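Student: Listed below, chain by chain, are the residues.
2 protein chains.
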Amino acid sequence: MSAPATRIPFADLVNLLQRIFVRHGCSETVAATLAANCASAQRDGAHSHGVFRIPGYLSTLASGWVDGRAEPVVSDVASGYVSVDAAGGFAQPALAAARELLAGKARSAGIAVLAIYNSHHFAALWPDVEPFAEEGLVALSVVNSMTCVVPEGAQRPLFGTNPIAFAAPCAGGAPIVFDMATSAMAHGDVQIAARKGELLPKGIGVDREGRPTRDPAAILDGGALLPFGGHKGSALSMMVELLAAALTGGNFSFEFDWSRHPGAKTPWTGQLIIVIDPRLAQGERFAARARELVRQMEAVGVTRMPGERRFREREQSAREGVSVTAEEWSQLQTLA
Amino acid sequence: MSAPATRIPFADLVNLLQRIFVRHGCSETVAATLAANCASAQRDGAHSHGVFRIPGYLSTLASGWVDGRAEPVVSDVASGYVSVDAAGGFAQPALAAARELLAGKARSAGIAVLAIYNSHHFAALWPDVEPFAEEGLVALSVVNSMTCVVPEGAQRPLFGTNPIAFAAPCAGGAPIVFDMATSAMAHGDVQIAARKGELLPKGIGVDREGRPTRDPAAILDGGALLPFGGHKGSALSMMVELLAAALTGGNFSFEFDWSRHPGAKTPWTGQLIIVIDPRLAQGERFAARARELVRQMEAVGVTRMPGERRFREREQSAREGVSVTAEEWSQLQTLA
Numbered sequence: 009m010s011a012p013a014t015r016i017p018f019a020d021l022v023n024l025l026q027r028i029f030v031r032h033g034c035s036e037t038v039a040a041t042l043a044a045n046c047a048s049a050q051r052d053g054a055h056s057h058g059v060f061r062i063p064g065y066l067s068t069l070a071s072g073w074v075d076g077r078a079e080p081v082v083s084d085v086a087s088g089y090v091s092v093d094a095a096g097g098f099a100q101p102a103l104a105a106a107r108e109l110l111a112g113k114a115r116s117a118g119i120a121v122l123a124i125y126n127s128h129h130f131a132a133l134w135p136d137v138e139p140f141a142e143e144g145l146v147a148l149s150v151v152n153s154m155t156c157v158v159p160e161g162a163q164r165p166l167f168g169t170n171p172i173a174f175a176a177p178c179a180g181g182a183p184i185v186f187d188m189a190t191s192a193m194a195h196g197d198v199q200i201a202a203r204k205g206e207l208l209p210k211g212i213g214v215d216r217e218g219r220p221t222r223d224p225a226a227i228l229d230g231g232a233l234l235p236f237g238g239h240k241g242s243a244l245s246m247m248v249e250l251l252a253a254a255l256t257g258g259n260f261s262f263e264f265d266w267s268r269h270p271g272a273k274t275p276w277t278g279q280l281i282i283v284i285d286p287r288l289a290q291g292e293r294f295a296a297r298a299r300e301l302v303r304q305m306e307a308v309g310v311t312r313m314p315g316e317r318r319f320r321e322r323e324q325s326a327r328e329g330v331s332v333t334a335e336e337w338s339q340l341q342t343l344a
Numbered sequence: 009m010s011a012p013a014t015r016i017p018f019a020d021l022v023n024l025l026q027r028i029f030v031r032h033g034c035s036e037t038v039a040a041t042l043a044a045n046c047a048s049a050q051r052d053g054a055h056s057h058g059v060f061r062i063p064g065y066l067s068t069l070a071s072g073w074v075d076g077r078a079e080p081v082v083s084d085v086a087s088g089y090v091s092v093d094a095a096g097g098f099a100q101p102a103l104a105a106a107r108e109l110l111a112g113k114a115r116s117a118g119i120a121v122l123a124i125y126n127s128h129h130f131a132a133l134w135p136d137v138e139p140f141a142e143e144g145l146v147a148l149s150v151v152n153s154m155t156c157v158v159p160e161g162a163q164r165p166l167f168g169t170n171p172i173a174f175a176a177p178c179a180g181g182a183p184i185v186f187d188m189a190t191s192a193m194a195h196g197d198v199q200i201a202a203r204k205g206e207l208l209p210k211g212i213g214v215d216r217e218g219r220p221t222r223d224p225a226a227i228l229d230g231g232a233l234l235p236f237g238g239h240k241g242s243a244l245s246m247m248v249e250l251l252a253a254a255l256t257g258g259n260f261s262f263e264f265d266w267s268r269h270p271g272a273k274t275p276w277t278g279q280l281i282i283v284i285d286p287r288l289a290q291g292e293r294f295a296a297r298a299r300e301l302v303r304q305m306e307a308v309g310v311t312r313m314p315g316e317r318r319f320r321e322r323e324q325s326a327r328e329g330v331s332v333t334a335e336e337w338s339q340l341q342t343l344a
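So the protein sequences, as listed, match chains W and E. Going by our numbering, the first sequence opens with residue 9, and the numbers climb by one from there. Going by our numbering, the second sequence opens with residue 9, and the numbers climb by one from there.
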């Protein structure tokens, strides 16, 4: 039984997480970026990437697998192309270091791409794209992760959960944002189901012998996930490997070897972000047209837009504070 | 019963199709582009977009719904952005008119986008991206179509089949290419199943009352398709509407009204193509890494890469000619 949830002001949660990251080996800059990211997920009810992840972050930092003090090196490759060597650190500080350059190129050239490599991504992907939409840009990002998904037609896992995230501005409201694993379920959600002792729906994964299973523990214990949507999801996962690793210069999901870093948790791969400025050809019309699409989706019966639940949770958190269980809050304080 | 297939030299098929398109209202330029596209699909065994489509093309041309003599207007919007008004004609001639400008921008800026609007797309999407990969570029394209897919959680159809196509160079072999409808099945494949009187797998579509059905005729007769992969495929289909219509200035799949053009068959929407030059940051390494990914996919048991069947059929067609049934060949000759 979890203790009942308590409500914490967002700024207090960010400050606490930042102290934790600093205490466990991160620079002030990296700690601030990771703390804001993690607290935002918790605030938006995306609990599989909220404070639930802190023990994993600390474990991977303690193992020496990821460098919490890495300083990303930004390269201005071409008028639409930015590359960042994350220097073995987290992907989010690498994005933060290149963000203004990337957005400026998109505004000038109409489209720009950011290729991050030598990076660890352990967070949700929507926080990486949503801020672009808030400033009127369209953003698409992919990140590869670590071998745990069996390609369609294969016998053994190879791909990561390889999510795709997309964000677009929408007139008169929150941006349209989605973030989907190309696996049948996100890894964090399998972990949460395992902790709760819940059975999964059919078609999510296989056990260590490759047999279909509904037991999340069997998937985590040497088993593997399946792609969502059969061969189509598998093709998208392959595309993510090509864009996030081959194109950036990062590792494929199956390439890194953390066996000499017990406690390592974070995939050491790459990330690609494409940003388009719709205003160059369309002015403010794009956002108005996005609103029209939402209106028509609601007219045919869609009751919840992608990302909408997060925005609702965010509003509630702004009014009442961010929900954290008393147990989590107490644990976080001992870590700070 | 179909008559047994005959084998026709590719050039003869292109020439015949070109004469047909010219005779039915296309300019020489448009006819040449459509003929090469349609003959390539037939050559590659992609029969749902091969000569099977000719009656549909001729019907939509005869209806006055699409302009077979349209001259696309190319706008050089920014250093990474090209826009084309297809002028109510087909999308393929619009792409052809902007292709060199687009590829040149990608090679210079690292990434470039082509936004086509006021266009009709009635073909497979892979022929639009594959040529970029053949010259070392990575290409991603989306096109929206016409209302026939029920968004996840909705009661009525809104989206089109909204395919996504991707192509990337791969060292020492054919490019990696996929082309997937974001519906559970492509519309052309439903039509083919209906013609053959075959039942579909479960989860493909609903009848006119919104009830699940395995009868392709019931889907085509006032019914609708479902997205592939539930809410994830539905989110991708929504993204395609935003990129192919809202961003380009084209119509959403639900916006055009062809009721005054009996026989109209072609969706009047938009198309987006993003092209990246991996050589700016990676030199020839990208193609070598793509080959490594293919090698590892084969090592875990993948026996057929996306697009591989088409390349095999293409080789056979080069040796033996393009397979067309005697009935189709005879019908085509009466149309020329």
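The set of hints was computed from the structure by calculation and includes no laboratory data. In this text the structure is predicted, and so the values were computed from the model without any measurement. C-beta atoms are modelled at their ideal positions from N, C-alpha and C, and glycine is treated no differently. You may find that some hints are simply not true.
Sample of chain E residues facing chain W (criterion: CB under 8 Å; computed from the structure) [said to hold, decoys possible]:
1) GLY241
2) GLY257
3) TRP266
4) PRO286
5) ALA289
6) ALA326
7) LEU343
Student: Does LEU343 of chain E pass the interface check with chain W, least Cβ-Cβ distance below 8 Å?
Tutor: violated, 35 Å
Student: With a cut-off of 8 Å on the beta carbons, see whether GLY241 of chain E makes it to chain W.
Tutor: holds, 6 Å
Student: Can we keep the ALA326 of chain E interface hint, with Cβ of chain W closer than 8 Å?
Tutor: Where the cut-off is 8 Å and the nearest Cβ of chain W is about 26 Å from ALA326 of chain E, the hint is violated.
Student: Is the shortest C-beta separation between PRO286 of chain E and chain W less than 8 Å?
Tutor: Because about 5 Å separates PRO286 of chain E from the closest Cβ in chain W, which is inside the 8 Å limit, the hint holds.
Student: At a threshold of 8 Å, is the proposed contact between GLY257 of chain E and chain W supported by beta-carbon distances?
Tutor: Check passed: Cβ of GLY257 of chain E comes within 6 Å of chain W, closer than 8 Å.
Student: Does ALA289 of chain E pass the interface check with chain W, least Cβ-Cβ distance below 8 Å?
Tutor: It holds, given that the least Cβ distance between ALA289 of chain E and chain W is near 5 Å, below 8 Å.
Student: Please check whether TRP266 of chain E passes as an interface residue: C-beta within 8 Å of a C-beta belonging to chain W.
Tutor: Constraint on TRP266 of chain E not satisfied, violated at 18 Å.
In this structure, the hints that do not hold are numbers 3, 6, 7, in rising order.
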